[in-house]
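> Line order of the protein sequences matches chains A and B. Letter by letter, the first sequence follows residues 1 to 365 of the working numbering. Letter by letter, the second sequence follows residues 366 to 426 of the working numbering.
Worth flagging that the hints you see were computed from the coordinates, not collected in a lab. Since this is a predicted model, take the numbers as computed values, not measurements. We put the beta carbon where it would ideally sit given N, CA and C, even for glycine. Don't take every hint at face value.
[Unchecked claim] Sample of chain B residues facing chain A (criterion: CB under 7 Å; computed from the structure):
{"#": "1", "residue": "D370"}
{"#": "2", "residue": "I376"}
{"#": "3", "residue": "I382"}
{"#": "4", "residue": "A384"}
{"#": "5", "residue": "S387"}
{"#": "6", "residue": "A394"}
{"#": "7", "residue": "N398"}
{"#": "8", "residue": "V400"}
{"#": "9", "residue": "W406"}
{"#": "10", "residue": "S412"}
{"#": "11", "residue": "L416"}
{"#": "12", "residue": "A419"}
{"#": "13", "residue": "V421"}
{"#": "14", "residue": "R423"}
{"#": "15", "residue": "R424"}
[To be verified] Chain A is faced by these chain B residues, among others (derived, beta-carbon under 7 Å):
{"#": "16", "residue": "L381"}
{"#": "17", "residue": "V383"}
{"#": "18", "residue": "L388"}
{"#": "19", "residue": "L395"}
{"#": "20", "residue": "G397"}
{"#": "21", "residue": "D402"}
{"#": "22", "residue": "V404"}
{"#": "23", "residue": "G405"}
{"#": "24", "residue": "G410"}
{"#": "25", "residue": "V413"}
{"#": "26", "residue": "V414"}
{"#": "27", "residue": "G417"}
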Amino acid sequence: MKPGTIRAWSWVHKWSSLVSTVFLMMLCITGLPLVFTHEIDEVLLHQAWAPANPDGEKLDLDQVLAVALSRHPGDVPAFMSFDEDRPVVNVTSRAPDAPVGQFNFQPIDQTSGDAAPLVAGHPVMEFILQLHTDLFLGLAGMLFLGAMGLLLVAAVVSGVVLYAPFMRRLPFGTVRAAKSARTRWLDYHNLLGVVTVAWVLVVGVTGVINTLAVPIIDYWKATSLKELTAAYDAPVALTERSSLDQAVRRAKEVLPGMQLQFVAFPGSDYSTDHHYAVFFHGDAPLTEHLTTPALIDARTGELAAVKQMPWYVKALSLSQPLHFGDYGGLPLKILWGLLDLITIIVLGSGVYLWLAKGKTGRGAK
Amino acid sequence: MKSRDLGLKAIFAVPLIVAILSLFGLVAALIGNGVWDVVGWATLGASVVILGWALVARRHR
Numbered sequence: 001m002k003p004g005t006i007r008a009w010s011w012v013h014k015w016s017s018l019v020s021t022v023f024l025m026m027l028c029i030t031g032l033p034l035v036f037t038h039e040i041d042e043v044l045l046h047q048a049w050a051p052a053n054p055d056g057e058k059l060d061l062d063q064v065l066a067v068a069l070s071r072h073p074g075d076v077p078a079f080m081s082f083d084e085d086r087p088v089v090n091v092t093s094r095a096p097d098a099p100v101g102q103f104n105f106q107p108i109d110q111t112s113g114d115a116a117p118l119v120a121g122h123p124v125m126e127f128i129l130q131l132h133t134d135l136f137l138g139l140a141g142m143l144f145l146g147a148m149g150l151l152l153v154a155a156v157v158s159g160v161v162l163y164a165p166f167m168r169r170l171p172f173g174t175v176r177a178a179k180s181a182r183t184r185w186l187d188y189h190n191l192l193g194v195v196t197v198a199w200v201l202v203v204g205v206t207g208v209i210n211t212l213a214v215p216i217i218d219y220w221k222a223t224s225l226k227e228l229t230a231a232y233d234a235p236v237a238l239t240e241r242s243s244l245d246q247a248v249r250r251a252k253e254v255l256p257g258m259q260l261q262f263v264a265f266p267g268s269d270y271s272t273d274h275h276y277a278v279f280f281h282g283d284a285p286l287t288e289h290l291t292t293p294a295l296i297d298a299r300t301g302e303l304a305a306v307k308q309m310p311w312y313v314k315a316l317s318l319s320q321p322l323h324f325g326d327y328g329g330l331p332l333k334i335l336w337g338l339l340d341l342i343t344i345i346v347l348g349s350g351v352y353l354w355l356a357k358g359k360t361g362r363g364a365k
Numbered sequence: 366m367k368s369r370d371l372g373l374k375a376i377f378a379v380p381l382i383v384a385i386l387s388l389f390g391l392v393a394a395l396i397g398n399g400v401w402d403v404v405g406w407a408t409l410g411a412s413v414v415i416l417g418w419a420l421v422a423r424r425h426r
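Same shape as in the complex, but just chain A (with noise of 0.2 Å):
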């Protein structure tokens, strides 16, 4: 490689890294707990419950949402969604005048309509998933990130081609550890860098689409739901609603053998102003990331059309499970752990190398 081109890929890589690497490291330190959220959920709200009426008759989804309204008044329903080892039922409302983003989520003994205690969503993991999301500044915040994650792919791009000259006499995961303290720390960047780089791209360039969820939905929901609005003015009234418990029941019969998800209501981010979006993932292990809406017209209750997702879609359900790391298990979680922890000192040695450079280059000249 030319000594021009050296120096211009160093650069590419001082300034991509220089930028982003306060913003990565703190991706990477709020990352390591996400990555076991669920079984620090599991700790943190553990807490022994039992349906009240394990054998009653289970409450309609109709009488589920008027319960949990009742507990906020004036509240506009957005989300339901169902858990899967008991029968409790999700609501997620909002108060026509609240901030954006701000809900009320209440999980609802299906068996009595009584609160049930919550098993996912402690507020100090809300708050480290808030920060790691968005640094509690919505859309825009999102999108920073996803700009400081496109600079992470150029900073790992810079570093593959870098390490051809630098590693040019040193075979494969050589630490000289008996030079200057630069040279020892020049060697396990590079040795750590170089092989986390596929593990590291994955996650970026997956990070990089997850900031892009909220753009995604608003254009999927600009084309592929564009016709169904086209019969209707103003959107539905809570008043002129039809029933949502035979609008899921309807949406199961057209999509059978699938599993049903969540239900999106007329308003909210996933659906339209006048329809139930009802939303059922596959049960295979690909397909259960991957969802499929039916919709149902909140007027009417009929069937308006199920929608197979388009492909930006499926890439931001599937940049998910590879960006959490959470689909194959806890043995997966463990690895995603340690090639995080490896990454967080890949980054501090490059803050390290480029301070002991600094102070070398001056000194010598």
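Position chain B against the provided structure of chain A, taking the given hints into account.
Chain B only, in chain A's frame:
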């Protein structure tokens, strides 16, 4: 390039193997359960194992 320099092949042989194993593992654990998960752990875990080996065996005094 001086004669004692390693070629690109020698420089990138191990990193390339590690990267291919890692990617294979990441996808394997996604497309299946059971044995696919185990294959995923083993191949993604190879990166950590090879790192551990290098740290012990390739340390120069």
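> Now, for every hint given, state plainly whether the structure supports it.
Here is how each hint holds up against the structure:
| no. | hint | verdict |
| --- | --- | --- |
| 1 | D370 | 5 Å, holds |
| 2 | I376 | 5 Å, holds |
| 3 | I382 | 10 Å, violated |
| 4 | A384 | 4 Å, holds |
| 5 | S387 | 4 Å, holds |
| 6 | A394 | 3 Å, holds |
| 7 | N398 | 5 Å, holds |
| 8 | V400 | 11 Å, violated |
| 9 | W406 | 4 Å, holds |
| 10 | S412 | 5 Å, holds |
| 11 | L416 | 5 Å, holds |
| 12 | A419 | 3 Å, holds |
| 13 | V421 | 9 Å, violated |
| 14 | R423 | 4 Å, holds |
| 15 | R424 | 5 Å, holds |
| 16 | L381 | 10 Å, violated |
| 17 | V383 | 5 Å, holds |
| 18 | L388 | 5 Å, holds |
| 19 | L395 | 6 Å, holds |
| 20 | G397 | 5 Å, holds |
| 21 | D402 | 5 Å, holds |
| 22 | V404 | 10 Å, violated |
| 23 | G405 | 5 Å, holds |
| 24 | G410 | 6 Å, holds |
| 25 | V413 | 5 Å, holds |
| 26 | V414 | 10 Å, violated |
| 27 | G417 | 10 Å, violated |
Going down the numbered hints, you'll see the structure goes against 3, 8, 13, 16, 22, 26 and 27, while the others check out.
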